[in-house]
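Chains A and B, in that order, give the protein sequences.
Straight run, no breaks: the first sequence in our numbering ends on number 73.
Straight run, no breaks: the second sequence in our numbering ends on number 1137.
Calculated directly from the structure, the hints in this document are not laboratory data.
One should not assume that every hint holds.
No more than 25 Å apart at the CA atoms, straight line, and that leaves these computed lysine to aspartate or glutamate pairs for DMTMM-like [to be verified]:
no. : chain 1 : residue 1 : chain 2 : residue 2
1   : B       : Lys1069   : A       : Asp48
2   : B       : Lys1069   : B       : Glu1133
3   : B       : Lys1069   : A       : Asp38
4   : B       : Lys1069   : B       : Glu1135
5   : B       : Lys1069   : A       : Glu39
6   : A       : Lys14     : A       : Glu24
7   : A       : Lys14     : A       : Asp28
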Amino acid sequence: MNEREMDEVQKLLKQALPPVGESEPRRDLWPALLRRMDERTVRVPWWDWVLLAGAALLTLFVPGVIPALLYHL
Amino acid sequence: MRRHPLLRAYLAGIAIPTVVLLVVMTGYTIIRYVFNVPVPIERVIVFPMAAVPNAWGLWNVLYVAFLEKRHFSLGLFGGVLPLLLAPGGLVVTRLLNFTVPREVFHYAPFALPIGLILYYLVWKYFVGFLNAELEIA
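Model the full assembly from the supplied sequences, consistent with the hints where possible.
Encoded structure:
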C-alpha cells in the first residue's frame, strides 16, 4: 500500500467513524470507583468468626472427625 | 453481562467443589495406593466426583432463580446442602455394597455440625464472591 492509498484509507475511515463529541466524562468517576472498591471489601460478622472458631476447636479436640468429614464430602 | 444468568450461576456453583475435590481425591488416592489403606474408595468415588459439583451448581441455580430476589441468605441456603448430600452418599454406598467404616458413623454427630458450618461459610463467602463477580447476585 503506497502513500496515496494510505491517505485514501485514512480519509475513508474518518468519514465512516463520526468524531467523538466529548472526550471527558460528564462527572468525576474516581469517587464512584472508590465507593465500589469499598463495597467489595468483605466484612465478616462476629457470629461467623464464632462459628469458624467452634468448628476449628471441635476438629482440634475430636481429630477423628476429619476422616468422617472427608468421607461425607 | 446480563445474558444467561442461570448458566453463570451453575458455573459459579461448580467452581469451588471442583477445585476442592481435586485436592481431596489426590489425598484419597495417595492414602489408598501409597499407604495401602484397605478401603475400596474407587467404588464410590463416582458420587463425590460427579454428583457433588453438579449438586452445588444446581443448588446455586435454584438460589439465583428463586431466592436471590427475595434476599434469602446464600449461606443458609448453601448450609442446607449437606443434609441432602450426606444421605445421598450413604444411599450410594448401600447400592454399591460399600462397607462404610464404623468410625464414620461414630463421629457423625461431630462431623455433621462442622460440615454444616463449613458449607454455610463457603457458600456465604466463596460462592457469594463468585456470584458477585459474575454479576448474578
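- Query: So which of those numbered hints doesn't the model satisfy?
  - Reply: 7
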